[in-house]
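Participant: Assemble the complex: chain Z is given as a structure, and chain F must be docked to it using the hints.
Here is what each chain is made of, one letter per residue.
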Amino acid sequence: MKKFTKNIILFFLLMLVTGELTVRFTHAVSDIPQRTIDEFGIQKYKPNQRGYWKGGDHTWVVNEFGWPGILPKSYDNLVMVIGDSFIENFMNSNECHQSEYLKNMLPEYNFMETGRSGISLIEAMEISKQLDTLKPKQHLIYVNDHDFYESIVEVKPMADITQLSLKDSMIVYGEMKAPELKKVLYNWKLLYYFYNRFPISGSANEELEATQKETETIQKTQYTKEIIKLLNYIKSNYKLTDKTLVFHPNSNKTIISLSEEAGFKTILLDSKNDKTWTFDYDSHWTCYGHERAAEQISIQIPF
Amino acid sequence: MLFNSLEFFIFLPVVFVLFWFLFKKKLKLQNLLIVVASYVFYGWWDWRFLSLIVFSSFVDYTIGVLLKNEEEERKRKILLWTSICVNIGFLGFFKYYNFFVESFIDTFSLIGVELHSSTLNIILPVGISFYTFQTLSYTIDVYNKKLEPTKDIIAFFAFVSFFPQLVAGPIERATNLLPQFYKTRKFAYENAVDGFRQVLWGFFKKVVIADNCAKYANQIFNGTEEYSGSTLLIGAFFFAFQIYGDFSGYSDIAIGISRFFGFNLKQNFAFPYFSRDIAEFWRRWHMSLSTWFRDYIYIPLGGSRGSLSLKIRNVFVIFLVSGFWHGANWTFIVWGALNALYFLPLLLAKKNRVNTDLVAEGKYFPKLKELWQMSFTFFITLLAWVFFRADSVAHAFKYLKGIFDSSLFSLPEVLPYTVLALVALFVSVEWLGRHGQYAIERIDFIKKPLRWSFYLVLIMLMFLFTGEDQVFIYFQF
Chain Z
0 MKKFTKNIIL FFLLMLVTGE LTVRFTHAVS DIPQRTIDEF GIQKYKPNQR
50 GYWKGGDHTW VVNEFGWPGI LPKSYDNLVM VIGDSFIENF MNSNECHQSE
100 YLKNMLPEYN FMETGRSGIS LIEAMEISKQ LDTLKPKQHL IYVNDHDFYE
150 SIVEVKPMAD ITQLSLKDSM IVYGEMKAPE LKKVLYNWKL LYYFYNRFPI
200 SGSANEELEA TQKETETIQK TQYTKEIIKL LNYIKSNYKL TDKTLVFHPN
250 SNKTIISLSE EAGFKTILLD SKNDKTWTFD YDSHWTCYGH ERAAEQISIQ
300 IPF
Chain F
0 MLFNSLEFFI FLPVVFVLFW FLFKKKLKLQ NLLIVVASYV FYGWWDWRFL
50 SLIVFSSFVD YTIGVLLKNE EEERKRKILL WTSICVNIGF LGFFKYYNFF
100 VESFIDTFSL IGVELHSSTL NIILPVGISF YTFQTLSYTI DVYNKKLEPT
150 KDIIAFFAFV SFFPQLVAGP IERATNLLPQ FYKTRKFAYE NAVDGFRQVL
200 WGFFKKVVIA DNCAKYANQI FNGTEEYSGS TLLIGAFFFA FQIYGDFSGY
250 SDIAIGISRF FGFNLKQNFA FPYFSRDIAE FWRRWHMSLS TWFRDYIYIP
300 LGGSRGSLSL KIRNVFVIFL VSGFWHGANW TFIVWGALNA LYFLPLLLAK
350 KNRVNTDLVA EGKYFPKLKE LWQMSFTFFI TLLAWVFFRA DSVAHAFKYL
400 KGIFDSSLFS LPEVLPYTVL ALVALFVSVE WLGRHGQYAI ERIDFIKKPL
450 RWSFYLVLIM LMFLFTGEDQ VFIYFQF
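So the sequence lines, in the order shown, correspond to chains Z and F.
Quick note, the first sequence lines up with residues 0 to 302 if you use numbering that gives the first Met the number 0.
Quick note, the second sequence lines up with residues 0 to 476 if you use numbering that gives the first Met the number 0.
The shape of chain Z in the complex, shown without the other chains (with noise of 0.2 Å):
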């Protein structure tokens, strides 16, 4: 028994070497960026990040400001980009990003992204305002009926999300969730590859399910005062002349007349009577996706 043991605790530790030089070698997991908050609360990626998306096809860069993607020559006539992960985009290689579909579509214009996978829409205001420095000519933020729920603590409270408290008209920053297992889970990519090949809790598509599920709840019951509470304090907080919300496909047509009666552009892309925007694996947007948004938006874009 004790050579047994002794050889069955050797194999695995010579199966977790090898496994891991295996998936690190072969990008059989995506590498993911570590993340910070910075001075004014907002939680982005530390700068000048690189890594490779699963399959190694691509990699993904954090650029010096904290945000995924590639900065613009210049400055000048800059539109700002705001999103969570359609924005942030690390599924997709640098050229199937907004930034660079808008650019090709309107050369006059400068387009610089800030995406982060899971901002609210009052965190995506507060990153505006910190970019107002840069003097952007207009903020483009993308959004979907989530967004608004999500942005208000007394709908769905979510500690790692900067959110607003309608109780005490206040902004109440996000938390990192567990930064130090993360920093473990994202680093040994042998148990990430495990992770993510036996989730925990339950399987990838049960989540989604569970997701879809909550977000029918939360539409039946609408919270229409809520929502209208959130953009009133986004009217007298922000600037909201330069800020155009760019809605998905299929978004609540409620919260987009409440959007635009609070001061709001808006755009809605749509999708109908068209191929798929989306990879078949998951909801995210492909190439052919974000190249069919960023048309529609270069038309419709108020300058």
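By construction, these hints were calculated from the structure, which means they are not laboratory data.
For clarity, every value in this text was computed on a predicted model and none was experimentally measured.
Here a beta-carbon is modelled for each residue, glycine too, at the ideal position from N, C-alpha and C.
Careful: at least some of the hints might be erroneous.
As the list claims (entries may be wrong) - In silico BS3-like pairs for lysine-lysine, Cα to Cα no more than 27 Å straight-line: (1) 214/F x 25/F; (2) 252/Z x 271/Z; (3) 264/Z x 252/Z; (4) 27/F x 1/Z; (5) 24/F x 2/Z; (6) 2/Z x 185/F; (7) 265/F x 24/F; (8) 447/F x 1/Z; (9) 182/Z x 224/Z; (10) 24/F x 214/F; (11) 2/Z x 446/F; (12) 228/Z x 166/Z; (13) 2/Z x 150/F; (14) 1/Z x 67/F; (15) 271/Z x 128/Z; (16) 150/F x 1/Z; (17) 176/Z x 155/Z; (18) 446/F x 1/Z; (19) 5/Z x 446/F; (20) 134/Z x 264/Z.
Stated by the list, open to error - Facing chain Z, from chain F, some residues (calculated, C-beta under 10 Å): (21) 19; (22) 186; (23) 462.
Facilitator: For chain F alone, kept in the frame of chain Z given last:
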């Protein structure tokens, strides 16, 4: 609980440690642990169906004890038939109820009589076909006085529910497995290492071969009308390796895990795709089921003795029952009938036991004749698999018609070179290791560093070529 799940990777070491460290010298406690662990393993899927195993075990244990004390033949027969009725009754209800109701309605609708009856929404308890046959073998052997009935209820419950082989076999005979629950176990290093190696090979078969082949087999079978003959042939080829990798992989894992605990289960697959005729194939494919049918159905019916019509009847009975055992669908029955048709000429010509030795024994390469025989046998097996995989008999015929089309000689639309290369590698290793119980059993002649490197390569291939997670096919049977 699936073998290829995180839960099992936690479950197994816990049971192993308890078994060998905590209950080391206490046979009864070890057996009790196996019962509890097996029920946890099974209940993880659906605890409600544990009651079936418990009931089945209790009935057969009691009947075994009663048979021991009963000398009157009529009463012994009643006891035997009670066990058969209970076990087959469960199996029939859960597995075949809807099939019989639907077939009954369809038959009457053919003669213009419309019957209205609703089928039930019955969940098929995982592994019911396996443990039912295992426990039945006990009662039949006790009835035939080939086995002394056990008085040890814990040992008997452990025999019926033994978790490594509970849900997908091998179907163990009481004569082989049950006595192993009576003997004090001693940890044997060689046994455990061998078990570990077999588990590894089983996982490779399942995760790399079966799951990768499944992806393309599913794609091609689901789009039968869209593909050329050559692609359909490739689809059938992938299914042949999917089902072999899946099922024999499960058996290897089950046998290997059993060896960790000091148990020896019987070989279930003996490189069937290297068979030179269909009779040899059936001696090498799912051996625990084939021998079960042989011993408890075919031989009692008269086997290959008697008149010509009796021989033909017996062959058809055993193959049709085998097909029906796999599932309540006409596709399985046609699959069984087709195999009977393949087998019959060999039996009638008395050539069914020509190839009982190992092909190309002691040689690296087979003779041309052997290569032709193996290829032909594989090809006809592959055609039969089409019925096994198809959604309906009509689908299978459409699929076969699609294969034998002029487009058979066109370039396939689906030709995944990586998966084909993996299958080629797999077949090569199987060929080189065909002398053993499983392909890499006799790898000990290689020095330790190289041997361990080979194991690590297998594991890395599992990381790199993990197919989409598929449930073991034989769970549904």
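Participant: All hints, please: hold or fail.
Facilitator: Evaluation of the provided hints:
Among the hinted pairs, residue 214/F with residue 25/F is inconsistent with the structure: their alpha-carbon atoms are about 47 Å apart, more than 27 Å. Restraint check: the Cα-Cα separation between residue 252/Z and residue 271/Z comes to about 16 Å, which is no more than 27 Å; the hinted pair holds. Taking the CA atoms of residue 264/Z and residue 252/Z, the gap is near 14 Å; set against the 27 Å cutoff, the hint holds. For the hint linking residue 27/F to residue 1/Z, the alpha-carbon distance of about 24 Å falls within 27 Å, and the restraint holds.
Using a Cα cut-off of 27 Å, the hinted pair residue 24/F and residue 2/Z holds, with the two alpha carbons roughly 19 Å apart. Of the pairs offered as hints, the one joining residue 2/Z and residue 185/F holds, with about 14 Å between alpha carbons and a cut-off of 27 Å not exceeded. Restraint check for residue 265/F and residue 24/F: satisfied, since their Cα atoms lie roughly 26 Å apart, inside the 27 Å limit. For the suggested pair residue 447/F and residue 1/Z, the alpha carbons sit about 18 Å apart, so the restraint of at most 27 Å is met.
Proposed proximity of residue 182/Z and residue 224/Z is contradicted: the alpha carbons are some 40 Å apart, above 27 Å. Under the criterion of a C-alpha separation no larger than 27 Å, the hint pairing residue 24/F with residue 214/F is inconsistent with the structure, at around 47 Å. Among the hinted pairs, residue 2/Z with residue 446/F is consistent with the structure: their alpha-carbon atoms are about 17 Å apart, no more than 27 Å. About 10 Å separates the Cα atoms of residue 228/Z and residue 166/Z, which keeps this hinted pair within 27 Å; it holds.
Restraint check for residue 2/Z and residue 150/F: the C-alpha separation of about 37 Å exceeds 27 Å, so the hint is violated. Of the pairs offered as hints, the one joining residue 1/Z and residue 67/F is violated, with about 43 Å between alpha carbons and a cut-off of 27 Å exceeded. Among the hinted pairs, residue 271/Z with residue 128/Z is inconsistent with the structure: their alpha-carbon atoms are about 34 Å apart, more than 27 Å. Under the criterion of a C-alpha separation no larger than 27 Å, the hint pairing residue 150/F with residue 1/Z is inconsistent with the structure, at around 35 Å.
This hinted pair checks out: residue 176/Z and residue 155/Z have alpha carbons roughly 16 Å apart, not beyond 27 Å. For a cut-off of 27 Å, the pair hint linking residue 446/F to residue 1/Z stands: about 21 Å separates their Cα positions. Restraint check for residue 5/Z and residue 446/F: satisfied, since their Cα atoms lie roughly 18 Å apart, inside the 27 Å limit. Our distance criterion of 27 Å between C-alpha atoms is met by residue 134/Z and residue 264/Z, whose separation comes to about 19 Å.
At its closest, the beta carbon of residue 19/F sits 7 Å from a beta carbon of chain Z; the interface hint therefore holds under the 10 Å criterion. The restraint placing residue 186/F at the interface with chain Z holds, with a minimum CB-CB distance near 5 Å, inside the 10 Å limit. Against a cut-off of 10 Å between C-beta atoms, the interface hint on residue 462/F holds, since the closest Cβ of chain Z lies about 6 Å away.
Violated hints for the displayed structure, listed by number in ascending order: 1, 9, 10, 13, 14, 15, 16.
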